[in-house]
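For this one, chain E is given, so just place chain W on it according to the hints.
Protein chains in written order, with my numbering: chain E, 241 to 560; chain W, 16 to 454.
Hints listed in this document are in silico derivations from the structure and should not be mistaken for laboratory results. Even for Gly, the Cβ is constructed at its ideal location relative to N, Cα and C. A portion of the hints provided could be inaccurate.
As the list claims (entries may be wrong) - Simulated restraints on C-beta separations: (1) E:Thr249 <-> W:Val299: 22 to 30 Å; (2) W:Asn347 <-> E:Asp288: 30 to 38 Å; (3) E:Asp288 <-> W:Pro74: 27 to 35 Å; (4) E:Arg456 <-> W:Asp144: 27 to 35 Å; (5) W:Gly117 <-> E:Arg368: 38 to 46 Å; (6) W:Ala297 <-> E:Arg456: 44 to 52 Å; (7) E:Gly371 <-> W:Ala174: 39 to 47 Å.
Claimed, not checked - These stretches of chain E come out as covered by chain W in the derived footprint (C-beta under 8 Å, 3 or more residues): (8) 293-307; (9) 464-475.
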Amino acid sequence: MSEDTTPRTVVVLAGGISHERDVSLRSGRRVADALAQRGHQVMVRDPDATLLEFLDESRPDVVWPALHGASGEDGALRSLLDMLGIAYVGSQGKSSRLAWQKPTAKVLVERAGLSTPRWVTLPRDTFRELGATQVLARVLDSLGSDLVVKPAMGGSALGVSVIESGDDLPRAVVDAYTYGEVALIEHRVRGVEVSVGIIDLGDGAFALPVVEIEPRSGVYSYEARYNAGETSFYTPARLSDDVAARAQTVALETYNILGLRHISRIDLIIDEAGVPWFLEANVLPGLTETSMVPQAILAAGFSLGSVYEKLSEVAIAESN
Amino acid sequence: MSSQNPLQQSGNNLDPWYSSYAARTAGLAASEVRALFAVASRPEVVSLAGGMPAVSALPQELVIDSMNRVMREQGSVALQYGSGQGVPKLREQILDVMAMEGIKASADDVVITTGSQHALELVSKLFLDPGDVVLAEGPSYVTAIVIFRSFQAETHHVAMDEHGMIPESLRENIARLKADGRRIKFLYTIPSFQNPAGVTLTWERRVEILQIARENDILVLEDNPYGLLHFDAPPPPALRSVEEEGVIYLGTFSKTLAPGFRVGWALAPHAIREKLILANEAAVLSPSSFSQLVVSEYLDTIDWRAQVDRFRGVYRERKEAMIGALTEYLPNLSWTDPQGGFYVWLTLPPHLNSKQMLPRAVKELVAYTPGTAFFADGSGGNNIRLSFCYPTPDAIRLGIRRLQNVINGEIDLLETFAATGPLHTVRDRSYSAPPPNLD
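Pulled out of the complex, with its shape left as it was, chain E reads as follows:
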């Protein structure tokens, strides 16, 4: 804790009942440890039916919603925190909802003139009404067979399939529907997979160094994300200065288009021509031992504790 920083009471929310509970618990512990080491009074809470009453009565200085997946990232809990008048780190409810719904985020980004891979959004009922064979045939005609299929909402690559053959498309769509009622089928842009963290420490949002991802398996799956050693990260990315700067600019524009706040991560693919293609935005980027934003923070010369502390102070100041 810097000399002019007041010790704060911080509640880190981690766990929840989403598919990403395990990741959330890991992120939450890391944030709590970093803030506790800075001298703050930190409590980690798994949200349950007593949470709102607890927050209302205890009135912590700031809440860190380290909740991945639904309720944490879909904006619901954040909107409730707004109603309670409690400061929290991260994007507000409405913006979180826009980013959480991947197809919505893609529409907004595309309308702003940025590149995003061609896609189609298909609720499960579409297949029931129009016939799966008919629908999938049109999808393949339009987008080709080099595809990424994912649930329209969710993270950590859960339910995501990368396919190269139309024969695999039905299974990939079925897998996406085991996680949610809407699937997003996206043309796969080949290139360098990167992530750009955006943080706002009180003087305006800025992009952290670009992190390049090189999974050993070729696909940045759940296993590649959360098993140390399964993915090589390059920070900064092996990009020319121009291309890296372009990626940072696109990420920052995306952050602003979606109205995000304090901290986020924008995932991009850089194609052969150096064009950044928007894939998705994360209102609560992973903050685990193997996550990219913490790596980018360190690469930028900050400590995790100082950044999490400043983000907390920004949230408190904005709330006041």
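Just chain W now, kept in the frame of chain E:
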């Protein structure tokens, strides 16, 4: 956009020791399926996945009394290292426990371990070389398969039916493997109220399987955690009651007392016992003196057989709740009806895959263990292991009702895509490590 920075050529994989791990650790990794089980610990979720004993059915004052007496009367011994073979008095008492299943033995041949899981690990360490074969029922205990794999041995499954392992399948497996020049190190079996299938090996088959093992010089590893937890009639006598030299018997207090003590044992032929003691000492010096003395005191002063009866009553009630709920909510499916133990083995329609379906179950707030966990080759996709040991009867009924929704939702989804042809698997949600609490 090519590489600019020579320092960045190798990247950072966040694990500087990645290339140093032993080959046998391959597969010890976080997986998507394992992550899904994290949700099972939430109170909203009915977990039919884990095999946690109902320790709430054990009056805590019984344990507290035993602990107090141990500390008052033998505190300095309880807090000290002990023998690598285990406390002599407890080994004598274990003879009484095993006698209930027809086993006669000497306390000299009992080696106490840190749970029977540890005995399984030690036996595997003594016998398995890379490339060896272990025969086991199909399906079999998930963590046994993981242990065998960790010693780079292959598990080959012997078919089962409602009467347990099928002798003819055992003969066929042995003949095939011998013809292929493979070395079979032992036959691993859970003959009574098997995990995960819940079935019990008949007496006639026990005799026949021992005969086959004897004829083929194959050691039998009998794992018997559930034998005393029968609902009505006890299971047939243990394999070890028939055959002394060819059987290593594994027992545990995890189910008849509590798993928190981590006290199990192996009963082994003399020569093997000697090596087991040395291996036990190499691994842990000695099993917990405190735990052993508390268990010994408990057996000495408490009517432990009456407590086992109470456990039986609890598990019988829960099993009946599960069978009743399955009959009501999933009448078109088939399942085993165990007469003891912890588990029901559910068979889904053949086109359903329980592993693929798991995220939907978690969303519906019910957890189960996909059948694929119990086969070394990943088969068992249309099976589910349902545990009735831990949730209350009401929770079990709620869980099965939710499972009905999950299965109906999956059937509806697959019917929607039926016209597209066979659904190829494009994502392997692999079982690289067992989910927690799958004992």
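Contradicted hints - numbers only: 1, 5, 6 and 8
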